[in-house]
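Student: From just these sequences and the hints, can you work out the full model?
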Amino acid sequence: MAADAAPAGEAAVAPTRRTHVKVRSWWLTYPVMTAGALAGCVGFAMSRASVAGAAPVYWLGQIALLVPCIVICIRRTASAQSRLLALQLLAALQALLAWAYSPERFRFPDELQHVRSAREILLSGHLFSANPALPVSPGFPGLEIVTTAVKQVSGLSLFAAGIITASIAHVLLVTAVFAWARALRLGSRYAAACALVYGFAPAFPYFDALFTYSAIALPFFVLAARMAVRVVTYRESALLVLPPLFVAIVSHHLTGYLTCGFVGLVAVLVRRSRHAATAPQLARAATVGLVGAAGWTAAFAPHAYNYLLTPTRVALLALVSPNLDSAGDAAALGLPAPLWQRLIGIGGSIVMLGAAYAGARMLWRSSAAPWLRRFGWAAVAYPAVLVVRVLAADGPEISARLLLYVMLLTSIPVGYLLVSIWATGASRRRVAIALAIALLAAAGPTVSATPPSWERLPGEFHVAGYESGVDAQVSATVAYAEKAFFPGATVACDRMLCSLVAGETESTASNVATKMFYADNIVRHAEIGHLALDYVLVDDRIALQRPVTGLYFPGEGDTGPHPRPFPVDRLTAFAVDPLYSRVYDNGPIQVYDVTRVWLG
Amino acid sequence: MDNGAGRRSAAIAWALLLLALVLAVIAVLGADGWLGGLPTVLAIFFGPGVGWQNARGRLRFNPEAIGLAVATSIGCVIVLGLAMNAVELSLTRAHWSAVLAILLAALGMRGLVGRRRDDIPHTRPAVPARRRAMAVALTATCVVAVTGSALIAWFSQQHWLARQHYTELYATGSSEHQRVTVTNHEGEAIGYRARIAVAGQAAQVVSFTLNDGSTWSRVVAVDPARATADVPMLEVELVRIGVPGVYRYIRLVRPQPTAQPTF
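For the record, the sequence lines run as chains A and B.
Heads up: take any position in the first sequence, counting from 1, add 621, and you land on my numbering.
Heads up: take any position in the second sequence, counting from 1, add 6, and you land on my numbering.
These are calculated hints, taken from the structure and not from any lab test.
Take these hints with a grain of salt, some might be off.
[Claimed, not checked] Chain A is faced by these chain B residues, among others (derived, beta-carbon under 8 Å):
1) T46
2) V76
3) R99
[What the hints assert, rightly or not] With the Cβ distance kept under 8 Å, some of the chain A side facing chain B (calculated, not the full set):
4) Y651
5) L706
6) Q709
7) H747
8) A751
9) V774
10) P840
11) S858
12) L861
13) V868
14) A1105
15) F1107
16) D1190
17) V1204
All residues carry an ideal CB built from backbone N, CA and C; glycine is no exception.
Tutor: Shown next as C-alpha cells:
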C-alpha cells in the first residue's frame, strides 16, 4: 500500500548526487529559525521598553521562524530526520517565545489555576486535594504529577519545573503528530506535512506551550491515535492503544473522551475494508477507554460533567440562536485587531477550508486504502468548528481549543494536497502554489492566535487583561497576600488579582462577589456578611480603564457591557468606610480586611 | 526512520545506573544545587523511556525515537505518581528520588544483563570533516541565538519590572503587636516620613530614607480594646518627602484574622 498510495514524488527520492547537493542547500534552515526566535524576543524587549518598531521586528521573527520550516517540510529533497528536527525546533522555539513573553512568573489565568493544584500537591504530598480555583483540575493530575516530580527531585522552582514540563510536552506533541502520520504509511514527507499543518492550529504556537493540563494530555491523544492506526497498518495489538489512552484520560477530561472517540472513528472507518478484522479490536479498545474515562471522571472529578456542559451548550446554542454580535469586547473598546490581521485570519481559514476539501477529493481519488480515503473526509470537522467560531458567544476561544484536536483530522487531506502539488518534476508554478497554500494557511492562525492582538507584545497594562493585567504592583500585592492571608481566607477582587490570589496563595477567590463591588454601603455590608469575605482587594485602575476582556470581576455575568470605566465612587467607598481595615497600600492597589463587618 | 530494529547499549545502561545513583544520593541526602537540575530532568524525561527501549533492545537515536522515549518517560512518571498516591506514599523529594532510582537501576540492569551476542555494536557512519565542521558551526549558531533570546527576554523583563515605580506600605501581626513595613520600589533613594498613630497613645513621627529595593519596618504595640468607631487600632500615614499630601495610608480597625472562625 505504501508505495502506490504515497503522494506523487514521495517515494522517488533517490540518493543521487544532485539530491546530495540539494540536501546541503537547506543547511541555513535551523539558524534562520533560531534567528526568528531571537527577533521575536527582541520585539518583546522593544515593546517592553516602548520603542517604536517592535511589531515589525516581531512579525519578521515569525516569518523567519515559519517559512524555513514550511519549505523543509514539504520540499522533496530533505531527509525524514531533518524534517522532524525542523518541526521539533519550531515547537521548541515557540515554547521559548511563550516563556520569553512572561519569563519570571506564570501570568495566564489557566496556568495559575494549575499552579494551585501543583501547590496543593506539594503542601499535602498527595493528589486530589481540592482546588477552589479550578475544581476539576485535581481530578486530572497528569501535568501536576510530572511538574511536582521535577520540582521535588531537581530543587528547581515550581515555575521553572512547569515551564520545562510544558515545553517538553509541546515538542512532544509535534513529534507525536509526525509519528502518527508516519503510521499512515504515506511517507516521511507526508508525515512532516501533516505535522506542519497540525501546527497551524491557532492555539498550537502559544496556548499549547503554556502550563495547562491539555498540554500534557494532547501528545497522548495523538499517540493513542497513532497506535490505533498502527493496529490497522502494522497489525499490532489493540492493547497497545490503552497505555497512551490511560495517560490521556488521567490528564485531561476532554482529551480522554476525544481520544476514545478517535479510536472509535478509526474502527468505523476500517469496516468494509480489507482491514475490517481490526475494527472489533479497536471498537473494544475505544469502549474500554470510554468506560475507563467515565469511571475516572465519576470517581475523581465529578465536577467535570458540569464543567464540560457549559462550553458544549454554548457551542450547540450557537447553532440555534447565533450570536453574530460577538466581535469581542476588545473591539468594542477600540482595541480591535488591525485590518490586515483580520483579513489574513479570514483568508487563512478560507485557504485551509479549500485545501481540506481539495485534499480530501484528491485522496479519495488516489490509490490509497479505502479506509484512509474515507479518513480524508473526516476533515469535515474543520468547517464545523469554524461555524462554532463565527456563531458562538465564546466562539474564538472554544474553536481555538477544539482545533487542537480537529486539526489532526484536517492535516490528513491538507498534508496530502501539499505533498501532491509539489510532486516530483512539478513545475515552478505548482511549487509556488504549494508554498502559497502553506504560507497562507500558516499566516491565518498565526495572526489570529493567542495572545490576542492587544497584548501580543508585552509591556502595556490592561485592566482585566490576561498576561497584560499582571504588572509589578499586582505581583507585589499577591506576594503580600501569600505572606499575610491565612489559609482558606475568602477574597473578593478583580479578575487578574483573583487569578493570582487563587493560584499562588492558600486563599479562595470568590467568583460571586460582583454585586458587592457595585453595591452601596448597606448592600455591600450585607454581601460581605453573606459571602463571609475576609479580604477585598481594590485596584483603582479599574476606574480608569474599561475591561479589555469584557468583565471586571470573576463570575461577572449579568452586569452587561461596560460603556464606561467602573464607577470611582464605589471604590473610594472602601477607603472611607470605618468598618474596613486597610492593611496594604501600594498606590493603585489596596487590600482591605473586611471581617469587622460580619464578625463585629 | 524508525524502521531499524534498534539495539542495546551498555553505555546507556551504565548511564542509567549512574543517574539512579544520583537519585539515590538525592533521596538520602536531599542535596540541592549542582546535584539537581540537568541530571534529574534527564532522569525524569528521558530515563524511563530510553531505559525501556534499551532493555527491549530497541534503542535508536533519531528525533522520533527520542520523542517516543520522552512520551514513555512522562507516561511512566504519571503512572508512578498515581501508584505512589494509591499506596499512601507521599509525593516528596525522597520518595520520588527513591522510586525513580529503583526504576532506572532496574532498567539499567536489564540493559546490561539482557545483552546478547548478536546485539549490533553501535557504529557511527563516517561523516566528512567539512560537513562535521558545518554541523558544529550550525549548532553553535543556534545555541548562541537561543541563549541570546533567553538573555534578552530575561533582562528586558527585569528592566520593565524595575521601571514600574511604587512604594509598599503594609502591616502584619497579631492583636498585641503589628509590624509596619515600607518597601521602596521607586528606582531611587527616597525620603519618607511616617506618622504612626496607635489608639490610646500619642502619635509618633518617624523620618527615614530608603534606597531602591530596601525595606524599613517597625514593630508597634497595639491594644484592640482601645480602638473606637472613630479611632482605629493603628493608623499609618506615609508621606514621601517632596510630594504633597499623604502618599500611602493604612488603617487597622481590628487585628487581622488568623483563621476562619467556625460557628
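Student: Grab the minimum C-beta distance from F1107 (chain A) to chain B and call the hint holds if it beats 8 Å, violated otherwise.
Tutor: holds (5 Å)
Student: Take the shortest C-beta to C-beta distance between R99 (chain B) and chain A; is it under 8 Å?
Tutor: At 4 Å from the nearest chain A Cβ, R99 (chain B) passes the 8 Å test, so the hint holds.
Student: Identify whether the interface hint at A1105 (chain A) stands, where standing means a beta carbon of chain B within less than 8 Å of its own.
Tutor: Nearest chain B Cβ about 5 Å off; hint holds.
Student: Do the numbers back the hint for V1204 (chain A), that is, is its least Cβ distance to chain B under 8 Å?
Tutor: OK, holds: V1204 (chain A) within 8 Å of chain B, min 6 Å.
Student: Per the CB criterion, is Q709 (chain A) less than 8 Å away from chain B?
Tutor: holds (6 Å)
Student: Against chain B, run the beta carbon of L861 (chain A) and see if the smallest gap drops under 8 Å.
Tutor: violated (12 Å)
Student: Can we keep the L706 (chain A) interface hint, with Cβ of chain B closer than 8 Å?
Tutor: holds (5 Å)
Student: Once the shortest beta carbon distance from V774 (chain A) to chain B is found, is it less than 8 Å?
Tutor: Nearest chain B Cβ about 4 Å off; hint holds.
Student: So, V868 (chain A) near chain B? Judge it on the closest CB pair being under 8 Å.
Tutor: Nearest chain B Cβ about 5 Å off; hint holds.
Student: Once the shortest beta carbon distance from V76 (chain B) to chain A is found, is it less than 8 Å?
Tutor: holds (5 Å)
Student: Measuring from the C-beta of A751 (chain A) to each C-beta in chain B, is the shortest one below 8 Å?
Tutor: A751 (chain A) check fails; min Cβ-Cβ to chain B is 15 Å, beyond 8 Å.
Student: Classify the hint on Y651 (chain A) as holds or violated, based on whether any CB of chain B lies nearer than 8 Å to its CB.
Tutor: Interface hint status for Y651 (chain A): holds (5 Å vs cutoff 8 Å).
Checked against the numbered hints above, the structure breaks hints 8, 11, 12, 16 and satisfies the rest.
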